[in-house]
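**Q** Combine both chains into one complex, guided by the hints.
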Amino acid sequence: MSAIQQKVSEPVSDELALVQAAKGGDVGAFEELVRRYDRNVFRIAQHITQNREDAEDVVQDAFLKAYSNLEQFQGQSKFYTWLVRIAVNEALMKLRRRRPERMVSLDEDVKTDEDSLPREVADWSPNPEQQYSQAELREILTRTIQGLPPSFRTVFVLRDVEGLSTEETADALELSIPAVKSRLLRARLQLRDRLSRYFQKRESGDGKQ
Amino acid sequence: MKCSEFLQELTNYLDGVIDARTKSELEDHLAWCHNCYVVCDTTKKTIEIYRDSQLYPLPEDLRTRLRSAIVSKCQARKKAGPKQV
Chain A
1 MSAIQQKVSE PVSDELALVQ AAKGGDVGAF EELVRRYDRN VFRIAQHITQ
51 NREDAEDVVQ DAFLKAYSNL EQFQGQSKFY TWLVRIAVNE ALMKLRRRRP
101 ERMVSLDEDV KTDEDSLPRE VADWSPNPEQ QYSQAELREI LTRTIQGLPP
151 SFRTVFVLRD VEGLSTEETA DALELSIPAV KSRLLRARLQ LRDRLSRYFQ
201 KRESGDGKQ
Chain B
1 MKCSEFLQEL TNYLDGVIDA RTKSELEDHL AWCHNCYVVC DTTKKTIEIY
51 RDSQLYPLPE DLRTRLRSAI VSKCQARKKA GPKQV
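Heads up: the protein sequence lines correspond to chains A and B, in order. In terms of my numbering, the first sequence opens at residue 1 and continues consecutively. In terms of my numbering, the second sequence opens at residue 1 and continues consecutively.
For reference, chain B alone in the conformation it holds in the complex (with noise of 0.2 Å):
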């Protein structure tokens, strides 16, 4: 396998969502390939990274202004009826 082949698959790797013999494959290369090792380790450390971040969290208080702001809108638009956007 080369290392583009390799690179073309990586997602599908990292997702888990991959057959048997394409896995061991990929495996087979990263084991001797230390380029690829190191890109597919540092990208799934990337998505971790991000998905653990909690970047934008949304403030209870904005929360709840918002929430209440949205619900009586809808309210509104109920007594006006079903037709009204």
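So that you can see chain A by itself, here it is in the shape it has in the complex (with noise of 0.2 Å):
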């Protein structure tokens, strides 16, 4: 079994000069770089929030941040990286308000009975999210993960869906990297686990109806 291919990532070779140019006043080297990270910063912000008005606000707070405080990006990470800290940051803080009954953390570390290995594995059909229209799909996919405490769910976009190493996103969440790796292992079998009811291998004669 090969392993997963990794998302390969845009060239960063220009980013640091559009950096300079938006610390040296340049908003249309800024807006190139909203440019290029809007959709992920969006999508991070949504798969958190799981509420689109908030989504909007986040990707909007947290650019205007980013250019507020441009001064205090060294370089020393990607601009990226240190883009997804400022946004998972302003999520958070709008889950929290959402839900202020519920304390949110990252270092939320949440031990459930799914984390051990099942005795009676069923496996999958043959390319099972074919047996679904793409809207079912989607909101088989969606109800899964909302299911996840925020801490993995973070934890699986930013580095399967977002595709950041594993160290990006311990340094995006300021994490440990144990703890990076702890939480996506669990979010991983997690989904797999709950995705399996709807994917399960069906018996022959069996069939749903």
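What the hints contain is simulated information worked out from the structure, not anything from laboratory work. Remember, it's a predicted structure, so these values are computed and weren't measured experimentally. Ideal placement from N, C-alpha and C gives every residue a C-beta, glycine not left out. Any given hint could be a false lead.
Claimed, not checked - Here are the simulated DSS-like cross-link-like pairs (lysine-lysine), alpha carbons at most 30 Å apart as the crow flies:
(1) A:K23 - A:K78
(2) B:K78 - A:K78
(3) B:K79 - A:K65
(4) A:K78 - B:K44
(5) B:K44 - B:K23
(6) B:K78 - A:K23
(7) B:K73 - A:K78
(8) A:K201 - B:K2
(9) B:K23 - A:K201
(10) A:K78 - B:K79
(11) A:K65 - B:K73
(12) A:K201 - B:K45
(13) B:K79 - A:K23
(14) A:K65 - B:K78
(15) B:K44 - A:K201
(16) A:K23 - B:K73
Claimed, not checked - Listed next, the stretches of chain B that the computed footprint assigns to chain A, with coverage defined by at least 3 CB atoms under 8 Å from CB atoms of chain A:
(17) 7-16
(18) 35-44
(19) 47-55
(20) 67-80
**A** Below, the structure written as structure tokens:
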């Protein structure tokens, strides 16, 4: 079984030049950075807040905060990783405001029964996603990932959906590398387990009616 | 190798960040343990399905609106001076 192919990240050679120009007051250069990353920031924000309006606010607030604090970006990490850190914090603030009854923290380390390996593992159908329409599949995937604790969901989205490396994810979330790895493993296993309800291979003659 | 040990290494294995010896031990285990094979295979599919799913796309009109709001606020801040937050 081969390893998962990592996403190829965009070339960053000219990125520092754009950041330098933006620091010097070139709003056009900053606009280019917005153009490069707005989709990613929106997706991350929507995954964390689970709310479209909040995600729109997060995109604006995160880029404005980045612009106002460009002087603090020293170029030790990639601009994108630095931006993601700002966006994740903005998104978590939104989530806390919306759900004040439940403290939301990235340090949250949730133990659940789903962590252990089940004794009977049902295999999936080949190409299970093709059993559903695109709209149905989207609904299943959204509902499934929304069931994860925010700390797991965020790590999974940065690593596996956005393609950040373990080190970049740790940097963006201010977590240790072992903490990222442990959350990622559990997020992946929990999603797999939950998706099995939809994708499980059905015995012949036992077709879904 | 026990199933629990396999599970601990699953993320490193799927990410391809594992030394050759551990990799061959994991693959020996996969060859005879059907449960772990299925968990490994379907976890990989889980990741691929999410990666390819394009959940939450940003529509072009919304994108344009957000970008022009950001740019005009940046310009306002520039005029107000660099220390304004």
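**Q** For each hint, tell me whether it holds in the structure or not.
**A** Cross-check of the supplied hints:
Between K23 (chain A) and K78 (chain A), the direct Cα distance comes to roughly 15 Å. Compliance with the 30 Å bound is thereby established for this hinted pair. Taken as a hint, the K78 (chain B) and K78 (chain A) pair is honoured in the structure, with Cα atoms around 24 Å apart against an allowance of 30 Å. Between the alpha carbons of K79 (chain B) and K65 (chain A) the distance comes to roughly 16 Å, so the proposed pair stays at or under 30 Å and holds. With a C-alpha separation of about 28 Å, the suggested pairing of K78 (chain A) with K44 (chain B) holds against the 30 Å cut-off.
For the hint pairing K44 (chain B) with K23 (chain B), the CA-to-CA distance comes to about 16 Å; that is within 30 Å, so the pair holds. Annotation: proposed proximity of K78 (chain B) to K23 (chain A) holds, straight-line Cα distance about 10 Å (limit 30 Å). The straight-line distance between the Cα atoms of K73 (chain B) and K78 (chain A) is roughly 24 Å, inside the 30 Å bound, and the hint therefore holds. For the given pair, K201 (chain A) sits about 26 Å from K2 (chain B) by alpha-carbon distance, which is consistent with the 30 Å threshold.
Distance hint between K23 (chain B) and K201 (chain A) is fulfilled; the C-alpha atoms sit about 28 Å from each other, no more than 30 Å. Restraint check for K78 (chain A) and K79 (chain B): the C-alpha separation of about 28 Å stays at or below 30 Å, so the hint holds. Restraint check: the Cα-Cα separation between K65 (chain A) and K73 (chain B) comes to about 11 Å, which is no more than 30 Å; the hinted pair holds. At roughly 14 Å between alpha-carbon atoms, K201 (chain A) and K45 (chain B) fall within 30 Å of each other, so this suggested pair holds.
Of the pairs offered as hints, the one joining K79 (chain B) and K23 (chain A) holds, with about 14 Å between alpha carbons and a cut-off of 30 Å not exceeded. Annotation: proposed proximity of K65 (chain A) to K78 (chain B) holds, straight-line Cα distance about 13 Å (limit 30 Å). As the CA atoms of K44 (chain B) and K201 (chain A) are separated by approximately 16 Å, the hinted pair is consistent with the 30 Å bound. Between K23 (chain A) and K73 (chain B) the alpha-carbon distance is near 15 Å, which keeps this suggested pair within the 30 Å criterion.
With a cut-off of 8 Å between beta carbons, the region 7-16 of chain B has 9 residues touching chain A; three or more are needed, and the interface restraint holds. Coverage of the region 35-44 of chain B by chain A holds in this model, with 9 residues showing a Cβ closer than 8 Å to a Cβ of that chain against a need of three. Against chain A, the region 47-55 of chain B contributes 7 residues with a C-beta closer than 8 Å to a partner C-beta. That satisfies the three-residue criterion, and the hint holds. Judged by the Cβ-Cβ criterion of 8 Å, the region 67-80 of chain B is covered by chain A as claimed, because 9 of its residues qualify and three suffice.
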